[in-house]
Every structure is written in structure tokens, then in C-alpha cells.
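**Q** When we follow our numbering, the leftmost residue of the sequence shown carries the number 1, and every step to the right adds one.
The hints are simulated quantities; they were obtained by calculation from the structure and are not laboratory data.
Computed from a predicted structure; not experimentally measured.
Any given hint might turn out to be false.
Stated by the list, open to error - Here are the computed lysine to aspartate or glutamate pairs in the EDC-like style, where the Cα-Cα straight-line distance is at most 16 Å: (1) Lys248 <-> Asp300; (2) Lys343 <-> Glu325; (3) Lys141 <-> Asp158; (4) Lys67 <-> Asp91; (5) Lys219 <-> Glu201; (6) Lys181 <-> Glu459; (7) Lys447 <-> Asp191; (8) Lys366 <-> Asp377; (9) Lys133 <-> Glu95; (10) Lys441 <-> Glu201; (11) Lys175 <-> Glu192; (12) Lys237 <-> Asp171; (13) Lys390 <-> Glu325; (14) Lys441 <-> Asp241; (15) Lys366 <-> Glu325; (16) Lys176 <-> Glu459.
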Amino acid sequence: MTHCMDSQGLKHRGSSGHGRVSNTTPKEEPDLVIEVGGQKISVHKSVLAGKSDYFKARQSRDILKVKGLNYKTLTILIDYIYTSQMNVHKDNVVEVITGAKILQIPCAVQAAMDTISEQVTAENCYEILTIAKKQRLNELKETAYRFMSDNFLQILQDPAVYGRLTGSERDLVLKKRMEGKRSLMVAEINDENHMIYYFNEAANDWRPLTLMPEDINTKGCGICTMYNYLFVAGGIKGYGDKGKVSDKVFCYNPITNRWSEVRPLNQARSQLKLVSMEGNLYAIGGECLFTVEKYDPRTDRWTTVAPLPKGAFAVAHEATTCNGELYVSGGSLFYRLLKYDPKRDEWQECPYNNSRKKSTDMVALKSFIYRFDVNRDQGVTVFKYDTIVKMWHDCASQRQGSPMPFRCAVIGNCIYCVNKTQTLQFVVEEDGSYFVDEPLKPPLEAKGILFPFILSLPEKTDRLIITVDMRDGGHCLLLILTLHLHRQRHCILVHQNYIHFRWNPVFALQHCVTEAVAVRSV
């Protein structure tokens with residue numbers, strides 16, 4: 001708390017803005033009067049000299065006139081020296097940082113940037129970025145870019161922010177969003193559990209990541225990723241005549257660990273396919289449907305595009321994208337391969353595959369489409385379609401007894417084929433393709449159908465499992481908690497008597513879990 005004197009020179013005790021007095025405040029009376037803008041502030045030389053080279057060099061003076069900053073800014077900086085509390089916001093941050101530089105208080109410059117970094121929102125992030133650029137505050141500028149990256153969809157939909165970024169800035173923001181290790185994940189499609197797991201390569205096992213919201217109808221839904229977000233659309237709740245088809249679309253942000261709901265589909269769909277292509281989502285077909293609609297995240301709108309060709313309504317089908325075009329096959333389409341050209345908004349029939357077997361999934365890698373057929377007698381057979389020369393080729397096969405259908409996801413040159421019994425790895429190389437001998441084990445807790453996808457998780461994140469007694473009369477709690485401590489978001493997942501969470505090592509366990517009976521790193 002500072003001792004202040006008004007323009008008439010009457011001394012009074014001024015508030016620090018936080019109502020606290022620093023333990024380091026000397027008991028002696030103030031021995032320096034600072035004059036600024038016709039007003040006076042009484043302070044202690046030793047306190048100011050300890051933080052400021054400017055005041056340290058002027059300790060011989062009893063009265064000091066300060067130029068280059070106003071009274072309000074000076075009181076904020078002096079309060080900071082006394083209390084270590086920085087009262088800064090976007091409207092005064094320029095004056096405070098400028099004043100801190102004039103008074104040679106480097107820790108105040110850092111404190112101001114740290115404080116304003118915590119105040120960044122979607123509404124003020126561009127303004128703070130502009131301030132950081134003008135003041136050459138690189139750390140604050142990076143904070144603004146990082147916020148835009150972490151909340152990319154929200155920024156993308158705001159022309160007042162995204163529309164004012166340069167092309168290179170847009171590329172930078174998206175590049176930051178895609179940083180981190182690309183991880184294989186699966187969504188568990190089950191009436192009881194809506195869990196998402198990720199594969200930990202170092203430990204060679206699966207870890208729970210998040211629960212899907214209860215409002216998501218996972219049965220018959222479409223799932224895909226775009227801009228390092230997970231999207232889940234459509235689905236059906238209930239069975240038979242009582243089943244209700246959904247038009248809802250949900251979005252998961254792995255960086256903030258938050259779920260949100262986006263614009264619903266124009267048409268409720270079940271058994272649809274959801275794919276992303278060139279910054280748009282496509283919802284293709286569904287039960288008794290041949291319609292297709294496209295979602296533009298910039299406008300937050302779904303629009304109808306060319307429907308599937310006559311006689312080609314798609315149910316339980318596969319879909320993928322390759323070289324800016326969309327391909328659909330399988331399911332009710334059987335061995336037909338259809339291609340959608342977004343520039344012409346039209347569908348074309350592609351050459352048929354020699355196989356007349358039922359396919360289990362289809363994915364794209366480089367300029368090829370890989371189709372996986374599952375046969376009880378022959379095992380797994382892989383065919384590839386060259387989208388350039390428009391020809392099918394036999395690719396590879398694996399003999400195994402009564403293989404179960406699976407879904408596929410691609411990382412690098414490896415196609416992961418996932419079901420609840422195993423995860424096959426199909427490696428594509430220039431001189432040939434092959435299945436890895438040793439399959440990966442599936443998530444042990446998973447009971448439903450597994451839908452694989454790829455997301456990049458933030459790096460330098462430690463995960464722990466804390467075993468606690470959450471049982472109450474034999475019932476298990478199932479909930480998600482969130483902590484905001486030490487400026488880090490700590491995501492806590494309580495599931496089947498376990499608490500799973502990502503944490504900052506400096507964060508004390510007793511702040512969140514007081515009844516832990518065992519702790520183990522995983």
C-alpha cells in the first residue's frame with residue numbers, strides 16, 4: 001500500500017488496488033516524494049530501489065519529478081513494487097509497459113504481459129495482438145497467436161479477427177494448432193459407454209482421454225476430424241419404430257479438452273458418413289437417404305450439394321478423400337466406387353473393383369485409395385485404386401480365421417485397422433505393402449464398436465491415474481471435472497473408480513484429490 005498526497009500536498013494512505021500491504025513495506029515513514037502531473041506520491045526509497053534501476057540511481061533525492069507517464073500509471077507500478085500485484089488490462093497495458101520501461105522495472109513488464117495473457121478472449125485477442133506488435137512484445141504476441149490457434153474454429157467464424165489476419169498469420173495460427181504428436185485414437189460406440197481412448201506408443205497401451213457428451217447419439221453417427229478437432233454428427237437414439245434420428249453435430253477440441261455443439265445438419269441422418277475435405281465437412285447419405293450436405297466452418301452453415309446418383313443411396317458405406325475429391329463405396333453400394341468433384345458439384349462413376357466381397361473400410365494414402373475386404377474363409381484382402389490412372393490393383397492379404405470387421409485410420413505410411421479384438425498395422429512402402437506381424441492390443445475396457453481417428457495432442461503433458469475409493473453402495477461415479485490451477489487447465493476424468501487427468505508437475509495433488517489411496521504414473 002502506498003502513501004499518497006493529493007495536489008494540495010495532503011498525505012493520505014492510498015489503496016494498492018488489492019487491499020493488501022506488502023510484508024516488505026518498511027516501518028519507517030516515506031522518505032521520497034514523487035511528483036507527476038501535478039500530484040504527489042510519498043514512497044520509500046529502499047523499496048523502489050530494490051526493483052527499479054531508475055529509482056536506485058536517484059536515491060540521493062528527496063523530491064523527484066517523473067516525466068513520460070501519468071499519475072494513474074505511476075500508482076499502478078508503485079503498487080506493483082510494494083505488493084507484486086499488477087492491476088493491468090487491455091486498455092492500460094500500453095501505458096503500464098511503457099512506464100515500466102521508463103522506470104526500468106523489467107519484472108513489471110513481464111508481470112504486465114503475464115497478467116494480460118490471462119485476460120485474452122475471443123473478443124479481445126486481435127486487439128491484444130495489435131498492442132503486442134506495436135510494443136514489440138514478442139511473448140505477448142505469441143500468446144495471442146496461441147489463443148487463436150487453441151480456439152481456431154471460434155476465431156475462424158469471426159471476420160473481425162480472422163478477416164484481419166494476413167495470409168502468413170493464418171498459416172502460422174493453423175500450423176501451431178497442428179503441432180504436437182499425432183496420436184491414434186478410438187471412439188467407443190456403445191449404448192452405455194461413450195469413451196474416447198488414445199494410444200500411448202511409449203507404454204504400448206491405451207489411455208482414456210475424454211467422455212463424449214450424453215447428448216451424442218453414437219449409434220449410427222458419423223465421425224471425422226478437421227483442423228485438429230473431432231466432429232460427431234447425426235446418429236439414432238432408441239430402436240425400431242421408436243428410434244429417433246438426430247441432426248445434432250458436436251465438436252471436441254483436444255487442446256482445451258472441451259466439447260461444444262455446432263450448427264445442426266439440415267437433415268437428420270443415421271448411418272451416414274462424415275468426412276472433411278479442404279476445410280469443409282461433408283455428411284453423405286444415411287438410412288434411406290441419397291442427399292449430401294456440406295458444412296463451411298467460416299459461415300457456420302450447412303448447404304446441400306449434389307446428391308448421390310440415382311439408385312445409389314448409401315447406408316453402412318465407406319467414404320474417404322483423395323487429391324481434393326471425395327470417394328464413396330461399400331455398404332449398400334457394394335463394390336461400386338463413386339467420386340464427387342466439389343469444383344463441378346457432380347458425382348462420377350469410377351471403375352469397379354474385381355472383388356465382389358463386402359468391404360470393411362476404405363482410406364486414402366497419397367494418390368491411392370486402399371480398400372479392405374474381410375472374408376471368413378480368406379481373411380483380410382487389400383486392394384488399391386490409383387486415382388491418377390484410374391486402375392485397381394491387388395495389394396496384399398493376410399490369412400486369419402474369421403476376422404472381424406474393422407475401421408481404419410492413417411498416420412504417416414501406416415494404416416491402422418482397429419476393432420475391439422485387435423489393431424492391425426498395414427505399412428505402405430514404395431517397394432511393397434505388408435501387415436505387421438504383431439498386432440496392437442485393443443483398449444481393455446472397450447466393449448462397443450471402435451471408430452479410429454487421428455488427433456494431435458499437446459506435448460509435454462504428463463498423465464497420471466489416481467486410484468480412489470469412489471464407490472457408494474456398489475455404484476460407480478461417472479463424471480468429468482475441470483481445474484484451473486497455475487494457469488494450466490487440468491482435465492480430470494472419473495471413470496469406474498479411477499481418476500484420470502493431465503497435470504502440471506508443479507500442481508499439488510492435495511488441491512484436487514484429498515482421498516487418494518494410491519498414486520501411480522502411467
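**Q** Taken at face value, is the distance from the CA of Glu459 to the CA of Lys181 at most 16 Å?
**A** Answer holds: Lys181 to Glu459 is near 7 Å, not above 16 Å.
**Q** Holds or violated: Lys248 and Asp300, Cα atoms, limit 16 Å.
**A** With Cα atoms ~13 Å apart, Lys248 and Asp300 stay inside 16 Å; holds.
**Q** Can you confirm whether the C-alpha distance between Lys390 and Glu325 stays at or below 16 Å?
**A** holds (13 Å)
**Q** Against the 16 Å threshold, does the CA-CA distance of Lys441 and Glu201 hold or violate the hint?
**A** Holds, at about 12 Å.
**Q** Holds or violated: Lys343 with Glu325, Cα cutoff 16 Å?
**A** holds (9 Å)
**Q** Run the distance test for Lys447 versus Asp191: straight-line Cα separation, threshold 16 Å.
**A** Measuring from Cα to Cα gives roughly 10 Å; hence the hint holds.
**Q** For Lys141 and Asp158, compute the direct alpha-carbon distance and say whether it is at most 16 Å.
**A** Since the Cα atoms of Lys141 and Asp158 sit roughly 19 Å apart, the hinted pair is violated (cutoff 16 Å).
**Q** Given the hinted pair Lys366 and Glu325, is their alpha-carbon gap at most 16 Å?
**A** holds (13 Å)
**Q** Does the alpha-carbon distance linking Lys133 and Glu95 stay inside the 16 Å limit?
**A** holds (15 Å)
**Q** Lys237 and Asp171 were given as a pair; does the straight-line alpha-carbon distance stay at or below 16 Å?
**A** violated (40 Å)
**Q** Quickly compare the C-alpha distance for Lys366 and Asp377 to 16 Å and report which way the hint goes.
**A** violated (31 Å)
**Q** Between Lys219 and Glu201, is the straight-line Cα distance small enough, at 16 Å or below?
**A** Violated, at roughly 29 Å.
Hints 3, 4, 5, 8, 11, 12 and 14 from the earlier list are contradicted by this structure; the remaining hints agree with it.
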